[in-house]
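Asks: Sequence:
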Amino acid sequence: MNEQISARVGAADIEAMALFARVAELGSFTQAAAHMGVSKATATAAVQRLEAALGTRLLHRTTRRVELTQDGRVFHERCRDLLADLEELRTLFRAPGDGALSGRLRVDMPMGAARHLLVPRLPEFLQAHPQLELELSSTDRRVDVVREGFDCVLRVGRVDDSSLVARPLGRYRVINCASPGYLARHGVPQRPEDLAQHRLVDYVQTLGGRSPGFEIADDDDPAGAPPRFVRMPVALVVNNSEAYLAACLAGLGLIQVPGPGVEALLDAGRLVEVMPSHRAAPMPVTLLYPHRRHLPLRVRVFMDWVAGVMAEHLAEPPG
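Going by the working numbering, the first residue of the sequence shown is number 224, and it counts up by one from there.
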């Protein structure tokens, strides 16, 4: 972006900059307007004012997609920094426990963690911060944190996205489970070689694929040892954690699942742990958020709350 454009940035409307940033991240005026709580016409007019003030086109508009121009990409980076700085200024002298939080917070987390752990505790958090508007996405799909406008996400499993900041929380204990009815019909597996006579409920993120199989480990395996898998006959393939658990309860086969999601079912006798000396390696649990020089107070406070709730259910500390 040339110096003449930079000199005119001060004349731009801050609200228009926020709308432009959201359009750039979501690739849609309609979605950006809905996210910011305004009409599409308002969002369009705001970006047009911004382009007029800067004297350059920021977005290419087509019937299917909205994309950044070259100037738009440069301005978007500077715009994000400026908006983050403004948010930080609003909360500069407030400690995390001082005063009520306000604004919109968009987060994503796995269905199991949302249903069993965090949503039941949300009333206490929102009661403490009644002016906060929380948007909660709960899906097994790996969302695009930046493009979909998320402030932070909770992930279970390996983290591959190096473009995000990672805050490790700990690890989930993984339980091998079956229903009493299934075990009555097929017997109780004791050793990995017994698995060939059993059925697996297979979980994949995208139908059409297959997992490596039933993961096994021994109590005396060294830390960091590579995972080992046993191929098994597959009874059912699912891409949803709720269906995965329901299939096990229905007696369709064995599953491997994080402990917090099945503790109540194990206590009630609706599920039974099998092969406890061959549990899979614990699964890392991580909070991820976009790179920012200054993280808004509401995001920091929410992540601290999530970390506190999750600490009660994690088998290992971060590391």
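There could be a bad hint or two in this list.
Distance windows between CB atoms, simulated [stated by the list, open to error]: (1) E496 / S325: 42 to 52 Å; (2) P403 / G250: 20 to 30 Å; (3) Q293 / R338: 36 to 46 Å; (4) A466 / A351: 33 to 43 Å; (5) E416 / D367: 41 to 51 Å.
These aren't lab readings, by the way, just hints derived from the structure by calculation.
Don't be surprised by glycine CBs; every beta carbon is placed ideally from N, CA and C.
Asks: Indicate, hint by hint, whether the structure satisfies it.
Replies: Structure-based check of each hint:
no.: 1; hint: E496 / S325: 42 to 52 Å; in the structure: holds, 45 Å
no.: 2; hint: P403 / G250: 20 to 30 Å; in the structure: violated, 50 Å
no.: 3; hint: Q293 / R338: 36 to 46 Å; in the structure: holds, 44 Å
no.: 4; hint: A466 / A351: 33 to 43 Å; in the structure: holds, 35 Å
no.: 5; hint: E416 / D367: 41 to 51 Å; in the structure: holds, 42 Å
Checked against the numbered hints above, the structure violates only hint 2.
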